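Chains U and G are the protein sequences, given in the same order. All residue numbers for the first sequence refer to the numbering used here, where the first residue is 137 and numbers rise by one. All residue numbers for the second sequence refer to the numbering used here, where the first residue is 137 and numbers rise by one.
In short, the hints are calculated from the structure, not lab data. Bear in mind that the values here come from a model prediction, so they are computed numbers and not experimental data. Do not rely on the hints blindly, as some may be mistaken.
Straight-line C-alpha distance at most 35 Å; calculated DSBU-like pairs for lysine-lysine [as the list claims (entries may be wrong)]:
{"no.": "1", "chain 1": "U", "residue 1": "K195", "chain 2": "G", "residue 2": "K275"}
{"no.": "2", "chain 1": "G", "residue 1": "K161", "chain 2": "U", "residue 2": "K180"}
{"no.": "3", "chain 1": "U", "residue 1": "K195", "chain 2": "G", "residue 2": "K181"}
{"no.": "4", "chain 1": "U", "residue 1": "K180", "chain 2": "G", "residue 2": "K180"}
{"no.": "5", "chain 1": "G", "residue 1": "K181", "chain 2": "U", "residue 2": "K376"}
{"no.": "6", "chain 1": "U", "residue 1": "K275", "chain 2": "U", "residue 2": "K160"}
{"no.": "7", "chain 1": "G", "residue 1": "K195", "chain 2": "U", "residue 2": "K181"}
{"no.": "8", "chain 1": "U", "residue 1": "K310", "chain 2": "G", "residue 2": "K181"}
{"no.": "9", "chain 1": "U", "residue 1": "K180", "chain 2": "G", "residue 2": "K310"}
{"no.": "10", "chain 1": "U", "residue 1": "K376", "chain 2": "G", "residue 2": "K195"}
One-sided and incomplete, this derived list gives chain G residues near chain U with beta-carbon spacing under 7 Å [unchecked claim]:
{"no.": "11", "residue": "F184"}
{"no.": "12", "residue": "L187"}
{"no.": "13", "residue": "L188"}
{"no.": "14", "residue": "P194"}
{"no.": "15", "residue": "I199"}
{"no.": "16", "residue": "P215"}
{"no.": "17", "residue": "N216"}
Here are the simulated distance ranges between beta carbons [said to hold, decoys possible]:
{"no.": "18", "chain 1": "U", "residue 1": "I342", "chain 2": "G", "residue 2": "H231", "range": "54 to 62 Å"}
{"no.": "19", "chain 1": "G", "residue 1": "V315", "chain 2": "U", "residue 2": "G268", "range": "23 to 31 Å"}
{"no.": "20", "chain 1": "G", "residue 1": "K265", "chain 2": "U", "residue 2": "G268", "range": "48 to 56 Å"}
{"no.": "21", "chain 1": "G", "residue 1": "K265", "chain 2": "U", "residue 2": "N276", "range": "26 to 34 Å"}
A virtual CB, placed ideally from N, CA and C, is assigned to each residue, including glycine.
Protein chains: 2
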Amino acid sequence: MTIATNYQISPSLLRSEIRNGKFKKPTSGFAPGHIQTNVAILPKKYAFDFLLFCQRNPKPCPIIEVLEPGKYEAQLTAPNSDIRSDVPLYRVYEHGILTQETNNITNIWTSDLVTFLLGCSFSFESALKNNGINLAHIKNNTNVSMYITNIPTSPAGMFSGPMVVSMRPIPNNKVIRSVQVTSRFPEVHGAPIHIGNPELIGIDDIYAPHFGDAPELNPGDVPVFWACGVTPQAIAMNSKPSIMITHSPGHMFVTDKMDEDYSIL
Amino acid sequence: MTIATNYQISPSLLRSEIRNGKFKKPTSGFAPGHIQTNVAILPKKYAFDFLLFCQRNPKPCPIIEVLEPGKYEAQLTAPNSDIRSDVPLYRVYEHGILTQETNNITNIWTSDLVTFLLGCSFSFESALKNNGINLAHIKNNTNVSMYITNIPTSPAGMFSGPMVVSMRPIPNNKVIRSVQVTSRFPEVHGAPIHIGNPELIGIDDIYAPHFGDAPELNPGDVPVFWACGVTPQAIAMNSKPSIMITHSPGHMFVTDKMDEDYSIL
């Protein structure tokens, strides 16, 4: 077994493998128990507006760490990391248009860039699993279903738009427990934002998600909706900053922090 | 009974009385159940650093609302308010020096100013009271005891310094309950940061607080320490911005939000 297929790899070794070009795939399941994050990198002129947007919308945009202008080491959550090289695959958007995917952004890095690390649902999915709530998309090795809703986010400066949610089918007798379990993790999306009726939040066809794969809903399953980390990217894309660099979906930044570091009780 | 001595006044009427110069005293106990906030107003050039400082130090600096540059209405938490006139007493600091106290800052307001509303301990004190935990400083009508600790805050840009804590003596058999009760309110300082031994957090003499009044500790009481909303002001003073406007201690901004709006469970 090579390092790159050993799920029990440490976060720092995984980041080193990524940095050296030996690991280029999605990070789901690797370094289990550690916080993985969404990444959004923006020029300083947008940073106050985007930070305020995240503060006003903590459920879809839970901040794990913000690196100050030009800083590329996540000192608080991943000492000795380098955000320019430690994500397996990046996306570069210019004026809202995807212009390239790359394994390394060192050559386009500038001292003006501010990095936002935002919580990811991998953390609360582990908590659900630990409580005996198994998720169909993980069993089926598909991507979770995500939808653009009619729930507006709270605007900030140039940033505004609708909330994106992820949906997980939960057996009827586990729904209450799923609320309790995820409420403990407000910094990785927290409690659901809706249970049961997709139409009430502007979703016409549960089998036609806007992102990810179609869900498997079994008899007795209830659709449960959580605020989704795709929201900040969708919002930023909608607002068309001159440049924004993100991770490519599934290719997350892996921190040294443990999921339990972010539980509030 | 005049309006100004009726504790059951609504937040909007209380703000109106303050705006019209009819109410100029501390707000403790008025409009019970509603969120009162610390106020810090800074020029835009400091706003990203200060917002990031608050994000990195959520226990002492829990953000309730941030008003965008030049905005003086707290649209999210107190519609129709005016932050230039709705605080009973303001303090103006220039380069870290207190230069005036005033009931109205409309004449020094500029379109460049960003307002931060930060959570206040009045909310969790209500929660403690509701759980049968009575507080000596309220019974004695004195100010809570506050101390500068040896616990560093997490710096951000130009802002750094030690955490300020408040201390409440809690009967030994109520200490665990006080942790549970306040853990539910992470946006108004949340769980304690220390229980029991003042020396371990750099407090030499529990009877000589740096702010507020000396405590009354009875036999069987345990000193319990919470992160304090004086921290952001102390930090900003330490960092000497060209101008910062704050509320005067005890003279808070009263929002329409209820304490329970900010409980996480």
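Now the hints, each set against the structure:
With a C-alpha separation of about 38 Å, the suggested pairing of K195/U with K275/G is violated against the 35 Å cut-off. Only pairs whose Cα atoms come within 35 Å are accepted, and K161/G paired with K180/U is rejected, the gap being roughly 41 Å. Only pairs whose Cα atoms come within 35 Å are accepted, and K195/U paired with K181/G is accepted, the gap being roughly 28 Å. Proximity of K180/U to K180/G is assessed by CA-CA distance (about 13 Å); at most 35 Å being required, the pair is judged to hold.
For a cut-off of 35 Å, the pair hint linking K181/G to K376/U stands: about 23 Å separates their Cα positions. Note on K275/U and K160/U: the hinted pairing holds, with a Cα-Cα distance of about 23 Å set against a maximum of 35 Å. The suggested pairing of K195/G with K181/U holds, with an alpha-carbon distance near 28 Å, which does not exceed 35 Å. The suggested pairing of K310/U with K181/G is violated, with an alpha-carbon distance near 49 Å, which exceeds 35 Å.
The hinted pair formed by K180/U and K310/G fails the criterion: a straight-line CA distance of about 48 Å is larger than 35 Å. Of the pairs offered as hints, the one joining K376/U and K195/G holds, with about 34 Å between alpha carbons and a cut-off of 35 Å not exceeded. Taking 7 Å as the C-beta cut-off, the interface hint given for F184/G holds, the closest approach to chain U being about 4 Å. Interface hint status for L187/G: upheld, as the beta-carbon distance to the closest one in chain U is roughly 5 Å, under 7 Å.
Because the beta carbon of L188/G sits about 6 Å from the nearest beta carbon in chain U, less than 7 Å, this interface hint is met. Using the Cβ-Cβ criterion of 7 Å, the hint placing P194/G at the interface with chain U is not satisfied: the shortest such distance is roughly 9 Å. For the restraint placing I199/G at the interface with chain U, the shortest Cβ-Cβ distance is roughly 6 Å, inside the 7 Å limit, so the hint holds. For P215/G, the shortest C-beta to C-beta distance to chain U is roughly 14 Å, which exceeds 7 Å, and the interface hint is violated.
For the restraint placing N216/G at the interface with chain U, the shortest Cβ-Cβ distance is roughly 18 Å, beyond the 7 Å limit, so the hint is violated. Range check, I342/U to H231/G: about 59 Å between beta-carbon atoms, so the 54 to 62 Å window is met. For V315/G and G268/U, the Cβ-Cβ distance of about 28 Å falls inside the hinted range of 23 to 31 Å, so the restraint holds. In this structure, K265/G and G268/U break the distance hint of 48 to 56 Å, their C-beta atoms being roughly 38 Å apart.
Restraint check, K265/G to N276/U: a C-beta distance of roughly 51 Å breaks the suggested window 26 to 34 Å.
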